[in-house]
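K.L.:
If you read the sequences in order, they're chains A and B. Under our numbering, the residues of the first sequence are numbered 1 to 466, in order. Under our numbering, the residues of the second sequence are numbered 1 to 195, in order.
Hints are computed from structural coordinates only; laboratory data are not their basis. Just so we're clear, the structure is a prediction, and the values are computed from it rather than from any experiment.
In silico SDA-like links for lysine to any residue, alpha-carbon gap of 25 Å or less:
1) K50(A) - D36(B)
2) K362(A) - E388(A)
3) K8(A) - I186(B)
4) K3(A) - N193(B)
5) K246(A) - R53(A)
Restraint-style ranges between C-beta atoms, simulated for each label pair:
6) D269(A) - N188(B): 33 to 39 Å
7) E190(B) - T238(A): 27 to 33 Å
8) G172(A) - E155(B): 45 to 51 Å
9) L195(B) - D20(A): 24 to 30 Å
10) G101(A) - E190(B): 30 to 36 Å
11) Y49(B) - L465(A): 39 to 45 Å
12) K164(A) - E190(B): 28 to 34 Å
13) N136(B) - K190(A): 41 to 47 Å
14) K334(A) - L195(B): 51 to 57 Å
15) K12(A) - T140(B): 42 to 48 Å
16) N188(B) - E276(A): 35 to 41 Å
Backbone N, C-alpha and C define an ideal beta-carbon position, used for all residues, glycine too.
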Amino acid sequence: MSKTLFEKIWEKHIVKTIDDGPSVLYIDRHFIHEVTSPQAFTGLNKRGIKVLRPQQTIATADHNVPTLNQHLPIKEELSRLQVEALKTNCAEHGIELYGLGHPYQGIVHVIGPELGITQPGMTIVCGDSHTSTHGAFGSIAFGIGTSEVEMVFASQCLLQSKPKLMRINVDGKLNNGVVSKDIVLYILSKITASGATGYAVEFAGAAIRSLSMEARMTICNMSIEMGGRCGLIAPDETTFEYIQGKPLAPKGEKWQASLNNWKSLYSDDNTVFDKEYFFNAADIQPMITYGTNPGMGIGVSENIPTTETINENDKSGLAKSLAYMGLQQGVAIKGQKIDYVFIGSCTNSRIEDLRMVASFVKGKKKADDVEVWIVPGSKQVEAQAIKEGIDKIFEEAGFQLRQPGCSACLGMNEDKIPAGKYCISTSNRNFEGRQGAGARTLLASPLTAAAAAITGFVTDVRELLN
Amino acid sequence: MKALTTIQSRFVPINIENIDTDQIIPARFLKATTKDGFGKNLFRDWRYYNDDESKTRADFPLNMSQFDGEILVAGKNFGCGSSREHAAWSILDAGFRVVVSSFFADIFKNNALNNGVLPVQVSDEFLQQIFLQDNNTELTIDLQNQTITINSTGEQEHFEISNYKKTCLLNGYDDIDYLLSVKKDIENYETVNNL
Ligand code: SF4
Numbered sequence: 001m002s003k004t005l006f007e008k009i010w011e012k013h014i015v016k017t018i019d020d021g022p023s024v025l026y027i028d029r030h031f032i033h034e035v036t037s038p039q040a041f042t043g044l045n046k047r048g049i050k051v052l053r054p055q056q057t058i059a060t061a062d063h064n065v066p067t068l069n070q071h072l073p074i075k076e077e078l079s080r081l082q083v084e085a086l087k088t089n090c091a092e093h094g095i096e097l098y099g100l101g102h103p104y105q106g107i108v109h110v111i112g113p114e115l116g117i118t119q120p121g122m123t124i125v126c127g128d129s130h131t132s133t134h135g136a137f138g139s140i141a142f143g144i145g146t147s148e149v150e151m152v153f154a155s156q157c158l159l160q161s162k163p164k165l166m167r168i169n170v171d172g173k174l175n176n177g178v179v180s181k182d183i184v185l186y187i188l189s190k191i192t193a194s195g196a197t198g199y200a201v202e203f204a205g206a207a208i209r210s211l212s213m214e215a216r217m218t219i220c221n222m223s224i225e226m227g228g229r230c231g232l233i234a235p236d237e238t239t240f241e242y243i244q245g246k247p248l249a250p251k252g253e254k255w256q257a258s259l260n261n262w263k264s265l266y267s268d269d270n271t272v273f274d275k276e277y278f279f280n281a282a283d284i285q286p287m288i289t290y291g292t293n294p295g296m297g298i299g300v301s302e303n304i305p306t307t308e309t310i311n312e313n314d315k316s317g318l319a320k321s322l323a324y325m326g327l328q329q330g331v332a333i334k335g336q337k338i339d340y341v342f343i344g345s346c347t348n349s350r351i352e353d354l355r356m357v358a359s360f361v362k363g364k365k366k367a368d369d370v371e372v373w374i375v376p377g378s379k380q381v382e383a384q385a386i387k388e389g390i391d392k393i394f395e396e397a398g399f400q401l402r403q404p405g406c407s408a409c410l411g412m413n414e415d416k417i418p419a420g421k422y423c424i425s426t427s428n429r430n431f432e433g434r435q436g437a438g439a440r441t442l443l444a445s446p447l448t449a450a451a452a453a454i455t456g457f458v459t460d461v462r463e464l465l466n
Numbered sequence: 001m002k003a004l005t006t007i008q009s010r011f012v013p014i015n016i017e018n019i020d021t022d023q024i025i026p027a028r029f030l031k032a033t034t035k036d037g038f039g040k041n042l043f044r045d046w047r048y049y050n051d052d053e054s055k056t057r058a059d060f061p062l063n064m065s066q067f068d069g070e071i072l073v074a075g076k077n078f079g080c081g082s083s084r085e086h087a088a089w090s091i092l093d094a095g096f097r098v099v100v101s102s103f104f105a106d107i108f109k110n111n112a113l114n115n116g117v118l119p120v121q122v123s124d125e126f127l128q129q130i131f132l133q134d135n136n137t138e139l140t141i142d143l144q145n146q147t148i149t150i151n152s153t154g155e156q157e158h159f160e161i162s163n164y165k166k167t168c169l170l171n172g173y174d175d176i177d178y179l180l181s182v183k184k185d186i187e188n189y190e191t192v193n194n195l
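Pulled out of the complex, with its shape left as it was, chain A reads as follows (with noise of 0.2 Å):
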């Protein structure tokens, strides 16, 4: 019978099923932070137990960190007790932790991968719903709550239904000045912030093909902004020689065996998905968001929609999501007055958005009244951008270049956007007060933060492009 992807994946990993219930699913890499994991622990202890499986825990700080001064004692009280919590749990029960001052710190969606954790055909979880970007490997990663990451602790497995599954096809090339932010903003804006939910998402066709693995990992983060239970696409020779080599990597034998396992997994051919998109590249365009959802996405040059001309779902929450962002519906989104750029969150911080926010500013200078903050994804980021000369070229340009951690994408620890005003933002998530209370965020692509830090406005980036 010819399986999905995610069937061939799902299917493997069942210790056993439960009439009429969920599966006792078997979880192979667990990733912790700071700030999902510390009642977990404390659940585990009430019950006496030690994490069943400590060598298949991986944990980083990351939600809380400063991305200034980082060697100091973190200043604010309850971010430092976090993260002091999850030093003490992970030296307790075993846990390697990839803390502050460790060259592997970082987002832990960033880490994953470029330490060669993150593998084809394995089950990933994770206490944030971000996990979803680790699917870009060919593996069915997804978000947990705090009960859940307690339950792997203990158990290391997870009650689990079957997800029913979708493909997102998109084909065709993509046009100058496009980037992989864009497609999923363009597919967000089509099947809406809650399209997926119930489904994972297996994404393919030739446009996401040729993407990198980092661009695809942009992908499948903001999977779980369509709702969806995860994102996922087969590996292919791209993956392979993305995960060769890094530090936890299989090697030798070990990396030829996996290799012929990793091969077989891919959707057969015609297998049936219970819902399934066709897009082509060649209609995307760079793309912004304008509301306070992440499927309230138009292209750059295109209007504010009218509650005449937007979709069902955001048709009720039209007004209130203009108001908050001090928006009128029919209006152009360019030529909008631009107050911070934010450009970092493991959708979009790794060395591939560095370069290509580095490559476009070079030379060029920031808009006078604009504050840019360009936030690394990880230690090993941060230090090939120095390497690279990056750091140097974003100085010129008036771009802080900052140290690793989630920072402006969820405002936990400093560095919030003030009230009212207005960040273009390469992260995954525009709610309100997501980058600080009454901040107004506009997701972008990192080429589209960088053309507005430049001209301090929304701006079609390819007009600057040659």
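Place chain B with the ligand on chain A using the hints.
P.N.:
Structure of chain B with the ligand alone, referenced to chain A:
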């Protein structure tokens, strides 16, 4: 986890769609290392102006004295966004045992069930009916029979829940108890798969 069988209560209506977990509990309140005390920050930025507890928004249902009860009724696609279980903790801590909506985000649904909060998914029409009721109307949620009833009109709808989750909730068991009970199977799986 506290068991749940039947809830009969008035309800608090929040007729807004796509309520994400950043609204339910903003990120700046996620710094605790325990599960307690989140209720007072539930919908924090919709309850107060400028994060100031003395400046309540009079038009937000949680601030309106006429609304009360153990049931929260909200617009479609409730709980989307972040996986923070703090959203479920804050709803429970604020005294709610049931959330009614016409659509729930997956992770929120799991998180709620894992904390003894029952997500009841109804049709769009039934949801609109509830929103039309006055503030004295009570709803009855009967988990055993999987029904929700608008007591004043007698209108009733059936809701879905897996048998397994239903049994857990009726008895107050949680998934960890179950997973610990199948440890042998898990170890077998590991041996067979060379893990
Ligand atoms: S960068 Fe943002 S979305 Fe990604 S893990 Fe951190 S807080 Fe979550």
